[in-house]
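Which chain is which? The protein sequence lines are C and W, in order. Here this note's numbering is used: the first residue of the first sequence is 730, the next is one more, and so on. Here this note's numbering is used: the first residue of the second sequence is 5, the next is one more, and so on.
Keep in mind that a hint or two might mislead.
The calculated EDC-like cross-link candidates involving lysine to aspartate or glutamate, where the alpha carbons are at most 20 angstroms apart (straight line), are [as the list claims (entries may be wrong)]:
(1) C:K735 with C:D747
(2) W:K126 with W:D113
(3) C:K742 with W:D102
(4) W:K130 with C:D786
(5) C:K735 with W:D113
(6) C:K735 with W:D128
The calculated label-pair distances, taken between Cβ atoms and stated as ranges, are [stated by the list, open to error]:
(7) C:V760 with W:Q167: 43 to 53 angstroms
(8) W:Q116 with C:M734: 18 to 28 angstroms
(9) C:V844 with W:Q167: 29 to 39 angstroms
(10) C:F906 with W:A132: 26 to 36 angstroms
These aren't lab readings, by the way, just hints derived from the structure by calculation. Cβ coordinates follow ideal geometry from the N, Cα and C atoms, glycine included.
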Amino acid sequence: MAATMKLTRLEGKMFLRDPIALFFGLVFPAVLLLALGYLFPGFDEPVEELDWSRYIDIYAPIALALGVATLGLVTLPPILGTYRQYGILRRLRTTPVHPSRLLSAQLMVHLGVAVAAAAMAVLVAVLAFDVPLPQSPLLFTVSLLLAAASVFSIGLLVGAVARTQVSGQAIGMAIYFPMLFLAGVWIPRSIMPDGLLVVSDLTPLGAAVQALDDTWFTGSVDPMNLAVMAVWAIVIGFLAVRLFRWE
Amino acid sequence: MAVIEVTDLTKTYHGQTVVDGISFSVEDGEIFGIVGPNGAGKTTTVESVEGLRTPDRGSIRVLGMDPQSDHYEIAQRVGAQLQESRLQAKVRVGEVMDVYASFYRNPADWRQLLERLGLGDKSDAKYADLSGGQKQRLSVALALVGSPEIAILDELTTGLDPQARRSTWDTIEEIRDSGVTVVLVTHFMEEAERLCDRIMVVDRGSVVAIDSPSGLVDRIGSEQRLTFRPSEPVSDEDLESLPGVMSVNRVGSRIAVTGTGNVVHAVTALLAQRRIIAEDLRVDQTSLEDAYLTLTNGAASPSDLDKEEN
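Isolated chain C (complex conformation) (with noise of 0.2 angstroms):
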């Protein structure tokens, strides 16, 4: 148990003194907020194309999923690629810690900092663009969680499988863009044509954006969009244990 909390202070350190991973990890989200307010006119009106309601309102929970998906595809698998290239999964392996607690580790740190991370983008909305708090905190940090569980879920089976941390790159971002796509990043999801949508829905990011939604401004939550994440993260997380590489 010492280890494994060591291990974590560890790794947490490591990610704050990267000056990248600490920029898209943390802050993006709060920062994309900010300057899409700011720098689009009429960012956070009430507008007709959106039945009356604000730019900034349909992306502060796209903004909190794309956080999530930048931790779990863009800093996530370079880290294990990384790990493994070094030999510092295999050199823990010499040791009585076995090296699935870098993992829990790394996987702990990645949580913490999407934690953070949402909850600067929430504090930028609510203070800066009048956007209410979340109505049901409770289903929305769970949505938070879920969503973190599924995307980090994908980047663990990447991670399991790249080789280094370039390979570990390139195929995390392969994933990362389509998924963003999917999330809304580019199209809001309700001007998303129908057939688009329902691809949307069964991936971890649209489902994590409509739930975040829901959570923040109904207060009320699809199960079908828990339910989507929870199966990502057991499946996908399943295959990334069994798949893992130590060298």
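Please build the complex by placing chain W on the supplied structure of chain C, with the hints as guidance.
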């Protein structure tokens, strides 16, 4: 008492037998060297001992235990320094030592350990800022932080400059002097000769010889050759009649005498007796390098390969 016993170890990768029936034992308190050409199976052998590889056949006992089923207990008592393993670029030396120390039930005082390995002032340095020699010594420190009874060091000095290599050798001797059994996988005959009590020569997955460094040299005979320029003429017959002399050759004003046993002493004594000065005297003895080359059937010496690679 043997702390490591390996019997008939065999390991095959993709239909190719990398280790083919290797047997050896390592005695408590010795420095045991494993040498051989690249791809001879050295690393596979030690990684099997460390429990990182599962042998296809044969048995391995480490401190009386099985590396697979007693992995945890062995990991507590055996420290390993792996070939080509790095750490996170931004981790500080003290941080990683502190974390690794927490893995063991009897951790060494890691500050003292760093001090002993000449890294005492590097506790706050980032891994990326260390020199090659310092990184290797940190790797040794990590292998020793659990106060192991056995330390397995794989290619510890490969890639180090001669000075760093020599200071690493001192470190290994200190480790042994503190009561730790050392298994040393190496590329360098000079290193094996200087450090090892016994050396196992491995070639193409099999053990060619296990002996002390001088024992290995004796196995292939101890022919010696001395060349010199005499200050006064000396006849071939006089030299040939000396005990142990096998041949005498002249190249210009130089004389080359080949022989066995005390031939060097016999020749120099004769010259001294006649008040002849042997100018430009050179003696070539069979070295461990020669023995190694003979034993591995003239396969290119690993240190030659090294020179080519560089």
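Here is what the structure says about each hint:
For the given pair, K735 (chain C) sits about 19 angstroms from D747 (chain C) by alpha-carbon distance, which is consistent with the 20 angstroms threshold. A C-alpha spacing of about 15 angstroms is found between K126 (chain W) and D113 (chain W), which places the hinted pair at or below 20 angstroms, so the restraint holds. Of the supplied pair hints, the one linking K742 (chain C) and D102 (chain W) holds, its CA atoms being roughly 14 angstroms apart against a limit of 20 angstroms. About 44 angstroms separates the Cα atoms of K130 (chain W) and D786 (chain C), which puts this hinted pair outside 20 angstroms; it is violated.
Restraint check for K735 (chain C) and D113 (chain W): the C-alpha separation of about 17 angstroms stays at or below 20 angstroms, so the hint holds. A C-alpha spacing of about 17 angstroms is found between K735 (chain C) and D128 (chain W), which places the hinted pair at or below 20 angstroms, so the restraint holds. Hint check: V760 (chain C) to Q167 (chain W), Cβ distance near 50 angstroms, so the stated range 43 to 53 angstroms holds. At roughly 24 angstroms, the beta-carbon separation of Q116 (chain W) and M734 (chain C) lies within the given 18 to 28 angstroms, and the hint holds.
As the Cβ distance of V844 (chain C) to Q167 (chain W) is approximately 50 angstroms, the hint placing it in 29 to 39 angstroms is violated. Checked against the hint of 26 to 36 angstroms, the pair F906 (chain C) and A132 (chain W) passes, with Cβ atoms roughly 31 angstroms apart.
The structure is inconsistent with the numbered hints 4, 9, although it conforms to all the rest.
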